[in-house]
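Participant: Now for the letters of each chain:
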Amino acid sequence: MPEQERNYKYLLLAVATVLLTLLMSIAAKQGGKIDPTEGFLQDVLMPVQKVILAFTHKIDSTINYVSEIRRLGVENEHLETELAQLKAKEHVMIEIWNENVRLRKLLDLPPAMEEFNLLPARVVARDPSNWYETMVIDQGTEAGVQVGSVVVTNAGVVGRVNKVSTRSAEVLLISDQRSAIGAMGQTSRDVGIVKGGDSGGDCRLVYLPRSATIRTGETVITSGLGGVFPKGLVLGRVAEVSAEDYGLGKFARVQPAVDLDHLEEVLVVIGS
Amino acid sequence: MEFSGKRFLMIAGSMLGMLVLQSTLFYNLRIFGTRPDLILAVVGSIALLRGWAQGLLWGVLGGLLEDLITGSLPGSHALAKSITGFILGLLEGKVFKENTLLPAVALFVGSLIEGIIFFMAAGAFGHIKWSFITALRRTVWPSAVVTAVFAPVVYRLCEHLYEPPRFGQRGRSL
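Just so you know, the sequences run in chain order W and V.
Numbering follows our numbering, in which position 14 of the first sequence is assigned residue number 14; successive positions increment by one, without gaps.
Numbering follows our numbering, in which position 17 of the second sequence is assigned residue number 17; successive positions increment by one, without gaps.
Incorrect hints may have been included.
[Said to hold, decoys possible] Across the chosen pairs, the derived CB separations fall in these ranges:
| id | chain 1 | residue 1 | chain 2 | residue 2 | range |
| --- | --- | --- | --- | --- | --- |
| 1 | V | Met120 | W | Ala239 | 24 to 34 Å |
| 2 | V | Ala12 | W | Arg210 | 50 to 60 Å |
| 3 | W | Ser61 | V | Phe8 | 11 to 21 Å |
| 4 | V | Lys129 | W | Gly227 | 15 to 25 Å |
| 5 | W | Ala239 | V | Ala12 | 40 to 50 Å |
| 6 | W | Tyr207 | V | Ala124 | 46 to 56 Å |
| 7 | W | Leu107 | V | Leu25 | 27 to 37 Å |
Keep in mind the hints are simulated off the structure, nothing from the lab.
Keep in mind it's a predicted model, so treat the numbers as computed, not measured.
For every residue, glycine included, the Cβ atom is placed at its ideal position computed from N, Cα and C.
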């Protein structure tokens with residue numbers, strides 16, 4: 001009997017392992033599609049997650065408001081000064097923009113920067129595991145969101161849509177270890193790839209040549225190479241530049257421009 | 001393996017509730033930058049208390065629930081958690097259940113096993129881009145430590161749920 005029982009339990013474990021491996025291989029082949037069960041569960045749980053998250057943000061903002069009321073006064077004054085300076089700069093920018101459009105027309109060149117249609121979405125949940133950096137938003141195929149749609153905020157790039165159902169979508173953040181985006185230094189124009197999964201939620205700009213002149217503090221933008229992310233979107237700022245092992249090239253640690261841990265609303269690029 | 005519908009719903013509901021709270025209210029609650037794997041703590045505690053069959057069952061169910069709610073490859077957490085639940089369940093009857101250190105030590109080892117299996121399973125389908133050493137350093141090791149910290153509390157709660165009939169009481173059929 002003990003022998004039989006031992007065989008039975010290992011048989012059960014083997015059956016479970018085979019079935020779950022089969023499930024993984026089927027799911028892996030589906031790519032970005034959310035299977036009906038997953039989509040249903042995500043859509044059903046979304047209102048509950050929305051309420052809990054709204055409650056969490058309310059508590060957070062109340063605590064922040066009380067503790068930071070003095071600092072906010074000083075910051076407000078500083079921001080007003082900055083706003084006045086930026087307004088003055090904006091007029092110059094508009095002049096340069098118009099000149100750029102005129103000259104491009106003259107040379108018969110297509111516009112370098114696209115204008116986007118943006119869809120606002122609310123963050124309803126985050127991946128609680130320690131392996132992935134994803135979040136769920138409350139807009140899906142019904143609103144025009146597709147797999148690969150780019151997600152941004154006014155500060156910069158958040159990530160891209162990884163999976164989508166009718167009323168929700170899963171966004172792969174730029175800090176996820178599976179994320180890789182064509183990028184370049186805004187000033188140095190050094191081209192590389194920004195990969196997620198670095199320590200502390202940072203990213204890493206890799207495949208930089210030894211001759212790269214990128215510096216600490218430089219803004220990193222999307223290069224447009226790869227076709228998913230349009231050119232010129234802000235990814236982050238260089239925190240540190242180091243040499244690769246064996247000195248073959250360089251890499252830079254990049255701090256994302258967006259505070260990915262405290263996102264409440266995002267914008268989905270649904271067309272240009 | 002005795003079956004109780006009410007207890008089944010309670011455990012499944014608790015797991016779902018834990019996942020929803022961890023993905024919303026407690027998302028930023030981290031120790032050393034890591035979140036505890038509460039689902040594994042429940043699976044491991046049940047396995048230690050009730051044996052390999054329940055460890056395997058709750059590993060599959062808890063893992064599948066996690067796979068469906070999070071962004072992981074469906075089946076990957078279920079596979080890792082079911083094997084871990086099965087292994088921890090083999091300890092049932094061989095260790096002193098009242099020992100306070102038991103859940104912490106068992107869940108620490110269980111979490112390491114779960115992390116390595118998950119790395120291999122999800123990695124085989126291209127869902128992990130880290131090297132083994134990076135995954136061990138960034139996720140597997142810190143997660144094992146933090147899960148072990150929470151394990152005694154979860155173990156006591158599960159123990160309460162599976163409280164055996166006391167002398168003079170009728171056997172519970174819940």
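Participant: Would you mind marking each hint as holding or not holding in the structure?
Facilitator: For each hint, the structure was consulted:
1. For the hinted restraint 24 to 34 Å between methionine 120(V) and alanine 239(W), the CB-CB distance of approximately 32 Å keeps it satisfied.
2. Taking 50 to 60 Å as the suggested C-beta distance range, the pair alanine 12(V) and arginine 210(W) conforms, at roughly 56 Å.
3. A hinted range of 11 to 21 Å for the beta carbons of serine 61(W) and phenylalanine 8(V) is inconsistent with their spacing of about 39 Å.
4. Checked against the given bound of 15 to 25 Å, the beta carbons of lysine 129(V) and glycine 227(W), roughly 20 Å apart, stay inside it.
5. Range check, alanine 239(W) to alanine 12(V): Cβ separation about 44 Å, and the 40 to 50 Å hint holds.
6. Look at tyrosine 207(W) against alanine 124(V): about 26 Å separates their beta carbons, and that is not inside 46 to 56 Å.
7. Restraint check, leucine 107(W) to leucine 25(V): a C-beta distance of roughly 56 Å breaks the suggested window 27 to 37 Å.
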